[in-house]
Structures are given as structure tokens and as C-alpha cells.
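> These are the residues of each chain, in order.
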Amino acid sequence: MISILRSLWLVFRHLFTRRVTVEYPEEMPYLAPRYRGRIVLTRDPDGDERCVACNLCAVACPPDCISLQKMEDADGRWRPEFFRINFSRCIMCGLCEDACPTYAIQLTPDFEMCEYDRQNMVYEKEDLLINGPGKYHEYSFYRHAGKTVSGKAKGEAAGEAKPVNVKSLNL
Amino acid sequence: MNTGHADIAMTLLNIFGVLTTAVLLTALLTWGERRLLGFWQDRPGPNRVGPFGLMQVVADMIKLFFKEDFIPRFADAPVFLLAPTIVMATTLLAFVVVPFSPAVGVIDMHIGLLFFLAMSALAVYSVVLGAYASGNKYALLGGLRAAAQTVSYEVFMGLSLMGVVMLAGSFDLRSIVMAQENGWFLLPQMLGCAIFLVAGIAESHRLPLDLPEAEHELTAGFHTEYSGMKFGLFFVGEYLSILLISALVTTLFLGGWLGPWLPPLVWFALKTFALVCLFILLRAALPRPRYDQLMAFGWKVMLPLALLNLVVTGSVLIWRG
Amino acid sequence: MELVSFYISALIALMASLLAVISRNAVHALLMLIVSLLAVACIFYQIGAPLAAALQVIVYAGAILVLMVFVIMMLNQGKAAVDQETQWLARENWLAPASLAGALLVMMLYLLWDSASRGAAARSVSAAEVGLAMYSKYLLVVELASFVLLAGLVGAFHLARRHTADSAASTNNAASTESVKSARGVR
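First to last, the sequence lines map onto chains A, B and C.
Going by our numbering, the first residue of the first sequence is number 1282, and it counts up by one from there.
Going by our numbering, the first residue of the second sequence is number 19, and it counts up by one from there.
Going by our numbering, the first residue of the third sequence is number 1111, and it counts up by one from there.
By construction, these hints were calculated from the structure, which means they are not laboratory data.
Careful, some of the hints might be misleading.
Across the chosen pairs, the derived CB separations fall in these ranges [as the list claims (entries may be wrong)]:
{"#": "1", "chain 1": "B", "residue 1": "VAL76", "chain 2": "A", "residue 2": "ILE1372", "range": "35 to 41 Å"}
{"#": "2", "chain 1": "A", "residue 1": "GLN1400", "chain 2": "B", "residue 2": "LYS85", "range": "29 to 35 Å"}
{"#": "3", "chain 1": "C", "residue 1": "ALA1238", "chain 2": "B", "residue 2": "LEU280", "range": "32 to 38 Å"}
{"#": "4", "chain 1": "A", "residue 1": "PHE1297", "chain 2": "B", "residue 2": "MET208", "range": "38 to 44 Å"}
All values reported here derive from a predicted model rather than from experimental measurement.
Think of the CB as a built atom: it goes at the ideal place given N, C-alpha and C, for glycine as much as any other residue.
Make the full structure from the sequences, and use the hints.
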């Protein structure tokens, strides 16, 4: 009996507590910068695509929603011929972002991706690419990597020693 | 001759006024309940359609009207059609005896209280027949529960009111209100009021005593097979009976329209509104008991208490002379 | 005016009773019986017995017949029961009781005709009067009736009581009717 009255009183008191509902379309919820939402492909500070089509994201993806094909440019850079994310399968887990060695694939705080047609949920590379470096402003993979591309010979990358002629060590 | 016409016009106005107000308030109550439940659960409740979500009622009505009106192949069609109308008819008829204010109220029946009990007794048929006619096992289980629950709780619903009848010396609701001029019956009849409230919840099968519907075990209980406006009638009937029980508690225990400063009708409305809120609070706060607990509680706790209340009230009245 | 409403309710009562007898579906028959009881309650009210009318509705229509519907609902009779009922409604079955009832009707009509000239004193009987009459003039009858009810109550309690010996046997069938059967079987 006492417990019934007590629970009545406790529930009644909630009339004067703040409500927890966020009235979504009028009142946008706060999303942290590292919120895991829509996936984008970023560019490096020079404006080139960061993605090197290494396929690590596609391997890490639990629902297998990423598919891409590698191609090699004339200047020696790797880039994806096509890069396709099926967002009707994507679970926004962020494992692709973790797997990416070049910070190319990044998740953004955006979740409003409703479509009437399921086919529209399949995003191509043109839909995914953004004009910016995303969360990592300065990073450019080819400046750090040892790979030779046109305009950057071996040993010119940041933090890289000049190539050593192994035969010169033979004193 | 002229006064006769005026009387008839007055009566008709009363009848239509009371009935339409009751039905409109019921519609409003479906919205009010969801809003209040929302506030008690730290959320806003329906607030999209119209100002404060008031038009939600209209939206729901449109939805109910345009839903397919389906009669299952295995149903007993005439009874299936009849059942939802009973609850509306009996509950609206019971409003006839409620005195809303000195001027408002359809009739003053000298057995008004018994008339209410009779109507609430007949309202069971709605559930039982609806459950039987559906030809569905969940509906049948709900109907069995409803029949047992309502018949049991009816017993001490009547008994709990007899204390009031003794104090007022009348079954007429108007004279019961008048007898409370020197103090509400809530004080001398606190036990009777509590028992009547519990019985009222059970009779209108509202949460926490909504075992005939008990959606987590019986799908939707007795109205599993009902859709569209037929379901709507059950729904409206339930809210009507909340209003009715609240209005009766106001009349019998809270002094009806009596109160200082404000006009009588406002007092009546305020008291009834507070009780309706209590009903909704009960729904928000309390879990549903098990079925055997409900029956045991009714027969082993409420019935003896009602009898005790009756005996004590009678003894005190005789002792005072 | 009163006479018209009396005849209307009487007609409804008669029709409903007739339909209750000849209806083939048990639940439909019960519904008709309820209508008939309600019509009789209306008549009670009109001839000045409001308390009797209210109790008729509360006790008979509201409680006893609910239990009847309850039982019939649990039996769940289907088409077979309707067929059986149709078979039982053959003429040789209803002719004899109907003619006997007809004879009674003729006798009652004659008596009514006879007493029509005398004119029954119709006046309204209040609830207080009924109470006073019951607990003074008819006190003995009330006490006797309460004895009968008490006996019924004790009997029901005895039948529904679970014995410790066969409680293990009847745990499977929780329904009270089943446990009553098993309790009988043990004895």
C-alpha cells in the first residue's frame, strides 16, 4: 500500500522535471565532430584524392558495403577507378576509417540520408568525394610515403633518409 | 402551454448538451491522457497536429473512420456488431443520472445510484459478447477475465456505495450532493471512496486492472478482432467510463457541484478533472497485477473491507440516533 | 402514455422470450433472455417498483446471465450444438409443453379479465418501504432465504476446495471445474 502511494508520488513529481525529448527537426541534436555518420572521401591539402585503393576498408567492412577497383595513374599514383558505398547496408561502424592508412575515408556527423528509392542509397565516388582534407588538415600520404611518384623521387619524402647505395658500404 | 414547451426545450437542451459534452470530452481525454502520460514519462506526448497537438484527436478519428471495417469469417456476425454498441449505450445512459450542477443534469431519478450500478453491470456484456463473437482464443481469454473481474468487483462496488446512501438517506444523486453541504462524504467514507475507486478502475478495465486487454499476454484481449470504428466504440466507451466514474466519485464523495466562489458547474468540472488525472496517474505509475492476485484481492481484501465499512457506518448512524 | 409504454415493453418481453425459446444458438437465446429481463425491468419501473426494476437489471441481467454467458462461452459450442438444437425443435417435442403453457395463458387472461374491473391500486413503492417491509413483516422469509444462500455458499466452497491429498493430481488442470471433477472422483 505504502509502496503504491510512493510510486504514485514519484511518478507525479516527474510532472515538474525537464523532459528529455529533443524535438528533432526543429531542434537539432548536438553531434560530436567524431560522430560516426555519412562516409566521405577526403582530399589531401593539394587537392588530390587521398584514397590509394588499398582495399583495406573493403576488407574491414563487416557488412561488405564498400567496393572499389584500383587503377594506376601515369604519374605512378594509385587511385580508385570506382569507389562505391552501399549506404543501405552500411552500419556506420567506422572500421573503414580505422583501417584507412591515408585518412582518405572518414565518417562525418550527418545522418539524414533518407531516400524513397533504395538504389539512391548507393553512393559513387563522385558523391563521396569532398573538397577538403576532412579531420586531418595537413596530412598528405605521398609526402610521407616512400613510393616514387612524378615530382617526388626516392628519399624526398618527409622524414625519409636519402637512399643509400648499399654497395658504398662495402669498404 | 408555453411553459410546457419551454420545459421540453430545456430538457432536450440538457440531454443533447450532456451527451455531446460527454462524447467531446472523451475525445479530448484521449489526447489529454497521452499528453499527461508524456509529461509523467519526461517526454512531450503528441504535439504535432494543430496547437498543442489538439488536432491529434481529429487525425485519429479520421484514421479510425477510414480503416477497413472487418468482420472475420469465423465471427458470430450479429453479436460481433452488437457488442461495441453496448458499452457506448450503457455508459452514455449512466450519464443521465449525474447531476452536474443545480440546473444541469438530465433527470433526477429517485433510484439514480442503482441506475448507475445497473448500467455498469450491463456494460460487461459489451466485453463478454465481443470476446465470444470474435471466435478468437485471445479474445475468449480476455472475455473470461472480464466477466469474472467485473462480476466480482461489481459486488463490492455496490456495497461501498451503501455507506453514502446511509449517510444521505437516499439513492437520488441530487439529494446525495445536497446532503454534503456540511462536509464532503470523503471524510466519513474514506474507505468507501477508496473501494469505489478501485472497483471503478476494475469496472472500466483501466490500467493497472486492465487484465481483459493485457496486451503483453493476450494480444489485445477482447478487442483483438475489432478494427476501424467498431474498435473506436470500445475505445471511446473505455474513456467514457473513466469520465463517468470520475463524475460519480465527485458526486458521491467530493460534494458534487458544491464549493465557494466559483459557479457550480466549474467546481464539478474541476473535481472531475482532478480525478481523471488521478486515473491517468495510476496508469502511468502502477504495474498490472497477476490475474489470480486480482481476484484474491477483490474477494479477500476489498469485500471484507466494504462490509466493514458498511457495518461501521450503520453502527455509527444508529448510535447517533 | 404510461399504458402505451407498458404495452410496448410487454410486447418486447413477450417477443424476446419467444425468440429465446426458439433460438438455435445458445448465446443468441441468452441475449434474447437478457432483452426480455430488461423489458420486464421496464415494466416494474412503470408500475411503481423502481427498486425491483433496478435489482432486476443489476442481479439478473447484470450478474447471473453474465455467468451463464461465461459458461456457454467456455463450452464453445459450434455448429454441432446448433444442429442438435434444430433437431430438438421438432414439433412433437414442443407441442405438449406449448399447449400446457397455452392453457396457463388462457387461465391468466381470464383472471386478468376478471380482476380488471376491480382495478389494482397502483402506487410507487420507495426503496425505504421495501427495506422496512423486508426487515419487519417478512423478516422470517429473508432469514430463510439467507440460510439457503449460506448453504449454497458452503457447498460451493466445499466443491471448489483443494484437498491436500489430490492437490498434486489436480495441479495440471488449474481450471476450477477440472479440480472439482477430480475432487469428486477421489471421494
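> Taking each numbered hint in turn, which are not upheld by the structure, reported in ascending numerical order?
4
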